[in-house]
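These protein sequence lines map, in sequence, to chains A and B. Going by my numbering, the first sequence opens with residue 283, and the numbers climb by one from there. Going by my numbering, the second sequence opens with residue 113, and the numbers climb by one from there.
Since the hints were derived computationally from the structure, they do not count as laboratory data. Incorrect hints may appear among the rest.
To be verified - With a straight-line cut-off of 27 Å between C-alpha atoms, the simulated DSSO-like cross-links for lysine-lysine are:
1. A:K414 - A:K286
2. A:K414 - B:K206
3. B:K251 - A:K380
4. A:K485 - A:K352
5. A:K431 - A:K485
6. A:K352 - A:K473
None of these values were measured; they are calculated from a predicted model.
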Amino acid sequence: MFEKVLTRNFGLPRSETIDVYIANGGYQALPKVLREYTPEQVIEIVTASGLRGRGGAGFPAGRKWSFMPKDPDIEKYVCVNTDEGEPGTFKDRELVEKDPHQIIEGVIIASYAVGAHRAFVYIRGEFFLGVKRWIKAIDDAYAKGFLGKNILGSGFSLDLSVHRGAGAYICGEETALIESLEGKRGEPRKKPPYPASVGLWGKPTLVHNVETLANVPHIINRGAKWYTSMGTPKSTGPKIFCVSGHVRNRGIFELPLGVPLREIIYEHAGGMAFDKKLKAIIPGGASTPMLTPDQIDITMDFESLEAAGSMLGTGAIIVMNEDTCMVDVARRLMHFFAHESCGRCTPCRVGTHHMLSILERLEHGEGKPEDMESLEEIARGMRGLTFCPMGDAAANPILSGLKLFRDEYEYHVKQKRCAVAA
Amino acid sequence: MMEPEVRVADPARRSMLLTALYIAQEQYGYLTRDAIERVANRLGLPLTEVYSMASFYTLYRTQPTGRYVLQVCEGLSCHLVGGAERLVDYLRKKLGIEVGETTKDGLFTLQTVQCLASCGTSPAMRVNDALYENMTAEKVDELIETLRGYHV
Chain A
283 MFEKVLTRNF
293 GLPRSETIDV
303 YIANGGYQAL
313 PKVLREYTPE
323 QVIEIVTASG
333 LRGRGGAGFP
343 AGRKWSFMPK
353 DPDIEKYVCV
363 NTDEGEPGTF
373 KDRELVEKDP
383 HQIIEGVIIA
393 SYAVGAHRAF
403 VYIRGEFFLG
413 VKRWIKAIDD
423 AYAKGFLGKN
433 ILGSGFSLDL
443 SVHRGAGAYI
453 CGEETALIES
463 LEGKRGEPRK
473 KPPYPASVGL
483 WGKPTLVHNV
493 ETLANVPHII
503 NRGAKWYTSM
513 GTPKSTGPKI
523 FCVSGHVRNR
533 GIFELPLGVP
543 LREIIYEHAG
553 GMAFDKKLKA
563 IIPGGASTPM
573 LTPDQIDITM
583 DFESLEAAGS
593 MLGTGAIIVM
603 NEDTCMVDVA
613 RRLMHFFAHE
623 SCGRCTPCRV
633 GTHHMLSILE
643 RLEHGEGKPE
653 DMESLEEIAR
663 GMRGLTFCPM
673 GDAAANPILS
683 GLKLFRDEYE
693 YHVKQKRCAV
703 AA
Chain B
113 MMEPEVRVAD
123 PARRSMLLTA
133 LYIAQEQYGY
143 LTRDAIERVA
153 NRLGLPLTEV
163 YSMASFYTLY
173 RTQPTGRYVL
183 QVCEGLSCHL
193 VGGAERLVDY
203 LRKKLGIEVG
213 ETTKDGLFTL
223 QTVQCLASCG
233 TSPAMRVNDA
243 LYENMTAEKV
253 DELIETLRGY
263 HV
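Could you put together the complete structure from these sequences and hints?
Pasting the structure below:
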């Protein structure tokens, strides 16, 4: 049986407190790092572990750390991305609310490795409890000497503070997060330059998702080899999968990367609710292309999903049964993207709203024969052609929906009603 | 010699803008013109810049709201399990207001939001700072009754 790593303390009473974290082996990686390893060695260990970013893009963490300039005279920052807002995704909220100290320990180790003395938590404004838990956890870490000046007598100092966002999905994108931290509208920056060279206030900045950082103390404690024993050769370690939609047991499940989708849905999530038939699966959050039941044996790792034309994303699995209208799903998702478009570039700002109005028309039985071509044309005109990945995110559900469920769109146009409800 | 008017905020100071707007919102109830002007002056920023921020981020209110702001999650996961629209409809009828409106007694404002990251416990809604999960009509009735009870 798979041994839980990131969620091992979740069931314990007061799991969010520093005492419970320490009593269960917490803050042991930190002194080990400060006493035994140079920053370069820490980067080597994390690189050897194969840890990839858990925020959606899956970029190798060690490589990201090695991009940060080595010059100690250059001021550098670390940002913790707690701006989770992709529909279907709720793992980071659980991590922050139930075990914030493993993230803090990860932040301190990452900051030591890249030579940062200032770190920021950027948290979604909606996470009221999360904000409280972050602040309390940081205060307690200061009180124990894990944060602040001369941490555990090592000569390394780090300050960590919480910055509350104000409700904008796009701030989860690392450059938009930086803009928002600077007190500006959360509009993405052009890349390159990447934040590792020009980030917060123009200084090199390492931005990491909460789940990514939570892995770090465990990698230090138990070694890169242990870490690579989980998962596949290119997708190592544990992953928190969030399952929602039409399954019996919705919730988060920590499993090794590479676990079959079938196992997640039928074993861990208890199978389909009300014994309905499975119709479609969104494997990695609202922005990832859909899968059909014949792809249920796919393994959940970065490379398999990419090969299948989708993405692991945040590992947020949304399950839909036979009673689901796919035009309705597309409309709902487009409503989200249209609302959350930052408005900076035209294809996204106009495209999302235009697609939404077509989808609404289809749903109201006012579809026109040319609507499907229009949807395809707009989505293609956005994919890869917007300022940031949000354009791809909005185009994905449309293009994959039209590819997999075109007959349902056609039914809406011809019969002026829904095939599922009919 | 008189100090020239500061119009370019130093970078770190500007970072306080989101927090400053939260504080102002807390004090004024919503971001009134006066509140925005005071934030702009304190941080040395043009008024338009601060307005632009207040309108970009959804958690800032530029209109007054009721004592309790009821926000129903419209995310796909909430939508799939029959939440979202059904819950909004139920609240509309129960409170006799449309989305975006406030009840006459000033107690409730009904809003929809895009995602509350409660997909595993959907349908979800938020009332001011508190999250309510696995919502049903019965739970809504109970919640509204309790909140009304505080103001009899």
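Against the structure, the hints:
1. Restraint check: the Cα-Cα separation between A:K414 and A:K286 comes to about 26 Å, which is no more than 27 Å; the hinted pair holds.
2. For a cut-off of 27 Å, the pair hint linking A:K414 to B:K206 is broken: about 33 Å separates their Cα positions.
3. For the hint linking B:K251 to A:K380, the alpha-carbon distance of about 25 Å falls within 27 Å, and the restraint holds.
4. At roughly 13 Å between alpha-carbon atoms, A:K485 and A:K352 fall within 27 Å of each other, so this suggested pair holds.
5. Taken as a hint, the A:K431 and A:K485 pair is honoured in the structure, with Cα atoms around 21 Å apart against an allowance of 27 Å.
6. Of the supplied pair hints, the one linking A:K352 and A:K473 holds, its CA atoms being roughly 21 Å apart against a limit of 27 Å.
Hint 2 from the list above is the single one not met by this structure.
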